[in-house]
Amino acid sequence: MTNSLLRDIIDELKCKMPDNIFIQFLESLENNDFGADQNREYLKKEYSNAMEFYKTVMIENEN
Amino acid sequence: MRIKELRINGIRGFNYLKDDTSGEPAPHRILLNGKHLFLYGENGTGKSSLFDAIEWCLTGDIKESANRKIKDEKNFILNKFCSDNDSPFVQMDFIQHSGAVTKIKRTTTRGNPSFRYADEAEVCLIESNRIEQFVIDTKKSLWQRFSDLLGFEHLILFDNQLFRLKTESKNKYDDANIKLIQLKEEFDTLKSDINGLEELFREELGDNWRNNINMDSGSNEAEAYHKFEKLTGNIDKFIKNYEELEIISNDLYSNKELLLREKDTSESSELTRIVSESYKYFSKFNETNICPVCGQIIKFDEVFSRLKVLHDYLSNIRTLEEKISKLSIRKDNLEDNLNLYSHEISKIYAELFGDRIDENMSRSDMLALIDSVKPNIINEKEVLYKKVSIKERIGIYQAKRESLLKLEGSLKDQSQVLELKKLLCRDVAVFYENYIRLYSEKIKIELDQICKNDVVEIYKLINQSDNESIEEFIIEPDIDEKEISFLAKIKNTSQTVNATEFLSTGHLRCLGFALLMARINTKVNNLNFLVIDDPIYSIDHEHRYNLIQYLSNLGERYQLVITSSDRLFFDILRHNFNNNKFISYETFASNHSGIITLNLEVKQNQYINEARSYLETNDLRAASLYARLSLETKLFNLAEKLKLEIPINRRDKTSMKDLMDANLKTKLLDKYRDNVSIHRSIDIEFNKLYDHRYFKTILKGFPLDHEVHHPYGYRLFYSKKEVEDVIDSVEAFCEFIDELPKF
Chain P
1 MTNSLLRDII DELKCKMPDN IFIQFLESLE NNDFGADQNR EYLKKEYSNA
51 MEFYKTVMIE NEN
Chain H
1001 MRIKELRING IRGFNYLKDD TSGEPAPHRI LLNGKHLFLY GENGTGKSSL
1051 FDAIEWCLTG DIKESANRKI KDEKNFILNK FCSDNDSPFV QMDFIQHSGA
1101 VTKIKRTTTR GNPSFRYADE AEVCLIESNR IEQFVIDTKK SLWQRFSDLL
1151 GFEHLILFDN QLFRLKTESK NKYDDANIKL IQLKEEFDTL KSDINGLEEL
1201 FREELGDNWR NNINMDSGSN EAEAYHKFEK LTGNIDKFIK NYEELEIISN
1251 DLYSNKELLL REKDTSESSE LTRIVSESYK YFSKFNETNI CPVCGQIIKF
1301 DEVFSRLKVL HDYLSNIRTL EEKISKLSIR KDNLEDNLNL YSHEISKIYA
1351 ELFGDRIDEN MSRSDMLALI DSVKPNIINE KEVLYKKVSI KERIGIYQAK
1401 RESLLKLEGS LKDQSQVLEL KKLLCRDVAV FYENYIRLYS EKIKIELDQI
1451 CKNDVVEIYK LINQSDNESI EEFIIEPDID EKEISFLAKI KNTSQTVNAT
1501 EFLSTGHLRC LGFALLMARI NTKVNNLNFL VIDDPIYSID HEHRYNLIQY
1551 LSNLGERYQL VITSSDRLFF DILRHNFNNN KFISYETFAS NHSGIITLNL
1601 EVKQNQYINE ARSYLETNDL RAASLYARLS LETKLFNLAE KLKLEIPINR
1651 RDKTSMKDLM DANLKTKLLD KYRDNVSIHR SIDIEFNKLY DHRYFKTILK
1701 GFPLDHEVHH PYGYRLFYSK KEVEDVIDSV EAFCEFIDEL PKF
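Chains P and H, in that order, give the protein sequences. Using this note's numbering, the first residue of the first sequence is number 1, and each one after it goes up by one. Using this note's numbering, the first residue of the second sequence is number 1001, and each one after it goes up by one.
Hints are not guaranteed to be accurate.
[What the hints assert, rightly or not] The list that follows gives simulated cross-link-like pairs (lysine-lysine, BS3-like), each with its CA atoms no further than 27 angstroms apart:
1) H:1444 - P:14
2) H:1489 - H:1140
3) H:1166 - P:45
4) P:55 - H:1166
5) H:1406 - P:55
[What the hints assert, rightly or not] Now the in silico label distances, taken between C-beta atoms and shown as ranges:
6) H:1100 - P:15: 34 to 40 angstroms
7) P:15 - H:1505: 42 to 48 angstroms
8) P:14 - H:1492: 47 to 53 angstroms
Derived from the structure by calculation, the hints contain no laboratory data. Each residue gets a CB set at the ideal place from its N, CA and C atoms; glycine is no exception.
Same shape as in the complex, but just chain P (with noise of 0.2 angstroms):
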């Protein structure tokens, strides 16, 4: 469960940066936790998940 204002936070972001793919990215995560858990690596394995990501969303994009 996340906290109220980091969802808050991420929303408004989200209203102002609309184009932003990482947004959309935090917002794919498990849990809807936006990866604000520690036991979560980011280092590690949400940098290559966030370029799997970008890659997807590039080739819908051209299609």
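Position chain H relative to chain P; hints supplied.
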């Protein structure tokens, strides 16, 4: 919204229960109907399990598992004795203001519904551990300590992880950029090599060089070139050997001449042998002057010198002969070589030109022939070399062209990867920058709201002191530096001080609790219950009774679920609430099946026994408090039996003074108005209390927290003898009441 009922099965310390007959789940049930729940138990008996179960049910999370850095949260939640077939769960039923009942049930399987007020619930769950961390974790910055206390840790954690991702994405982008630059450089070098080769081909083969290249004939020309190389090699070796043979032949001739001349001037082998033996013989005696045979004086010098001349002469002959022998051997070798080279030259020449050279011709003729054909051979060879060399370079050229094509593909791929990495890097950086700004602003707003909401009032209520010097707390976050300025304004002055340095550890604990309470006032609108895990864990003895008083007041607004491992605190807390307003349990550990919850029953004389026990350990305050609890219990039981009418709709707990004011004594006397003796005894026993310095005050409504702590000016101090007297008096009074005839 208050808690109506809790059902827990197979979660944390609560073992999984089933109906013996039906086998259906039969969870632990705690029926509250909106009343407070006070839970007492020693450490390890499962009090925190109740807190964890409620937290998990409401928020889907258990912070304790994160604190302990437990990766597998599900295993942390499940009771250790659960089997795979069990279906552990927590269910909470709520009573709405309207009277409607709602419920939430969380199981360990996926797809649980989320609680509508989960965010509020996070605020309503108060872990004393948070307060303790706020107080003692001085290595952390105040920004972090306030954030951890007030539930901003998600924001900080997210910030840290985001920062790492930002750094990582920047590094990955930079690496990809460097790799692309290297690929471009490699591409440019290859392109330049290819252009150079094309220019060369153009120069050597003309503008139509591509058409002039016949790669198929390449192998024949290479073979022919190889033969020319072999032919010229043999020719060179022939010439060299021939020249050497000439020299050696001359040398051999002159040495033989010399030998002949030497031999003409002397006899040969016999003479050589004699001279050699004599020379050896005389060499041994070159110091001897007299002949060992005849005894005559030997003219040694003359004989020996003549022998030496002969010896040297013969040595020369031997050296010459050896030299001639070596030269002859070498001459033979050279002649063999020349024969071989002549044969090879003849053979290869025939292969290349079709004309066969007579390999048996004289060597000088052969040399003359070679001299005559050599320029043509060299010329032909050079022509062939050019062709073969171009073929080789064309091979290199084609390989480079293939590499260039591959590199072109890699460059395209790398450029796309770089674009993606650049995009991700930019997005993360922009997001991070905006996140930091918003996150800092939110914390500032939250802190402002919390500070405006009664922090000082709550702090003062818990920390009642005549010496209180704090007028106001000023908590100012510095957004850029991520620091918090935490100041305390001194009463009746304009002076402010650093609060963390000014406040004692105990005061900081009170403040921590006050901040959490103020946060509830700010954030909670729909829930009317608070769950507090061991509140006195972080509150020292001096402030516990103030806290009980504060909790009593809080209990008017919120349904309280409080756990404690302090029996005295628990007993006093219960006695500060009307009996019909709460339910209490004691937890016990069971060896094999988790925890068992039992209704707490106060046994006869339990409080008096506790009082005597504390007296023995010289804890006079606890002893006197238990004596007071014992008297309270007895008087309330009596009031219940007498059906004493006490004004209702009161905010505060009914006190002993209320009982007295409601004429408890008169009512009791009325019951025995026909028995003069009992009538008189009652009068005497009650007067004993009124006359006693201790009971006089409490029966007149001296509040519990004032009695033991504050204000110092009115605090009552007792000697051990006096406290013992208080316990004896209460025991005697209780026995007197118990022995009264039934009415």
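Hint by hint, here is what the structure shows:
{"no.": "1", "hint": "H:1444 - P:14", "in the structure": "holds, 21 angstroms"}
{"no.": "2", "hint": "H:1489 - H:1140", "in the structure": "holds, 24 angstroms"}
{"no.": "3", "hint": "H:1166 - P:45", "in the structure": "holds, 14 angstroms"}
{"no.": "4", "hint": "P:55 - H:1166", "in the structure": "holds, 18 angstroms"}
{"no.": "5", "hint": "H:1406 - P:55", "in the structure": "holds, 22 angstroms"}
{"no.": "6", "hint": "H:1100 - P:15: 34 to 40 angstroms", "in the structure": "holds, 35 angstroms"}
{"no.": "7", "hint": "P:15 - H:1505: 42 to 48 angstroms", "in the structure": "holds, 44 angstroms"}
{"no.": "8", "hint": "P:14 - H:1492: 47 to 53 angstroms", "in the structure": "holds, 50 angstroms"}
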